[in-house]
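Undergrad: This note's numbering applies: residue 1 is where the sequence shown begins, and numbers increase by one.
Bear in mind the hints are in silico, worked out from the structure with no lab data behind them.
Backbone N, C-alpha and C define an ideal beta-carbon position, used for all residues, glycine too.
Please note that a few of the clues may not be correct.
[Said to hold, decoys possible] For each label pair, taking beta carbons as the anchor points, the in silico distance ranges come out as: (1) Ala67 <-> Pro28: 16 to 24 Å; (2) Lys66 <-> His21: 18 to 26 Å; (3) Gly7 <-> Ala67: 20 to 28 Å; (4) Thr59 <-> Trp23: 34 to 42 Å; (5) Leu68 <-> Ile2: 20 to 28 Å; (6) Arg6 <-> Pro48: 19 to 27 Å; (7) Pro28 <-> Leu68: 34 to 42 Å; (8) Gly4 <-> Gly49: 20 to 28 Å; (9) Ala55 <-> Thr3: 29 to 37 Å; (10) Ala67 <-> Asp8: 14 to 22 Å.
[Unchecked claim] Cross-link-like lysine to aspartate or glutamate pairs, in silico, EDC-like; alpha carbons within 16 Å at most: (11) Lys40 <-> Asp19; (12) Lys40 <-> Asp56; (13) Lys40 <-> Glu58.
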Amino acid sequence: MITGVRGDTVFIETLGGRDMHRWIDLLPEFEALARQHGIKHIEIEGRPGWSRIFADYETKKVIFGKAL
Numbered sequence: 001m002i003t004g005v006r007g008d009t010v011f012i013e014t015l016g017g018r019d020m021h022r023w024i025d026l027l028p029e030f031e032a033l034a035r036q037h038g039i040k041h042i043e044i045e046g047r048p049g050w051s052r053i054f055a056d057y058e059t060k061k062v063i064f065g066k067a068l
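Let's have the full structure, built from the sequences with the hints guiding it.
TA: Shown next as structure tokens:
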């Protein structure tokens, strides 16, 4: 996980690894830690299919890319 903080928002810019089911349960701990440090929002940049996994997160943007 690679994160950055701007104001009261933490941005999870990279989140990944094998066997997501083994580490995804750590996200609530991360959220609690963020709250303890005054963070009010978390944004995760990831794949569109992750909307199923992060169902309690609002989809805010879609990023388009093109290989040249």
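Undergrad: Hints first: check each against the structure and report whether it holds.
TA: Here is how each hint holds up against the structure:
1. For the pair alanine 67 and proline 28, the beta carbons lie near 36 Å from each other, so the given range of 16 to 24 Å is not met.
2. Lysine 66 and histidine 21 have their C-beta atoms about 32 Å apart, which leaves the hinted 18 to 26 Å range violated.
3. Checked against the hint of 20 to 28 Å, the pair glycine 7 and alanine 67 fails, with Cβ atoms roughly 34 Å apart.
4. At about 22 Å, the beta-carbon gap between threonine 59 and tryptophan 23 misses the expected band of 34 to 42 Å.
5. Hint check: leucine 68 to isoleucine 2, Cβ distance near 25 Å, so the stated range 20 to 28 Å holds.
6. Between arginine 6 and proline 48 the CB atoms are about 23 Å apart, so this pair conforms to the stated range of 19 to 27 Å.
7. Separated by about 40 Å at the C-beta atoms, proline 28 and leucine 68 satisfy the suggested range of 34 to 42 Å.
8. Take glycine 4 and glycine 49: their Cβ atoms lie about 23 Å apart, and the range 20 to 28 Å holds.
9. Take alanine 55 and threonine 3: their Cβ atoms lie about 21 Å apart, and the range 29 to 37 Å is violated.
10. Against the hinted window of 14 to 22 Å, the Cβ-Cβ separation of alanine 67 and aspartate 8 comes to about 36 Å, which falls outside the hint.
11. Proximity of lysine 40 to aspartate 19 is assessed by CA-CA distance (about 29 Å); at most 16 Å being required, the pair is judged violated.
12. Of the supplied pair hints, the one linking lysine 40 and aspartate 56 holds, its CA atoms being roughly 15 Å apart against a limit of 16 Å.
13. The hinted pair formed by lysine 40 and glutamate 58 meets the criterion: a straight-line CA distance of about 14 Å does not exceed 16 Å.
The structure fails to meet hints 1, 2, 3, 4, 9, 10 and 11 from the earlier list, while all remaining hints are met.
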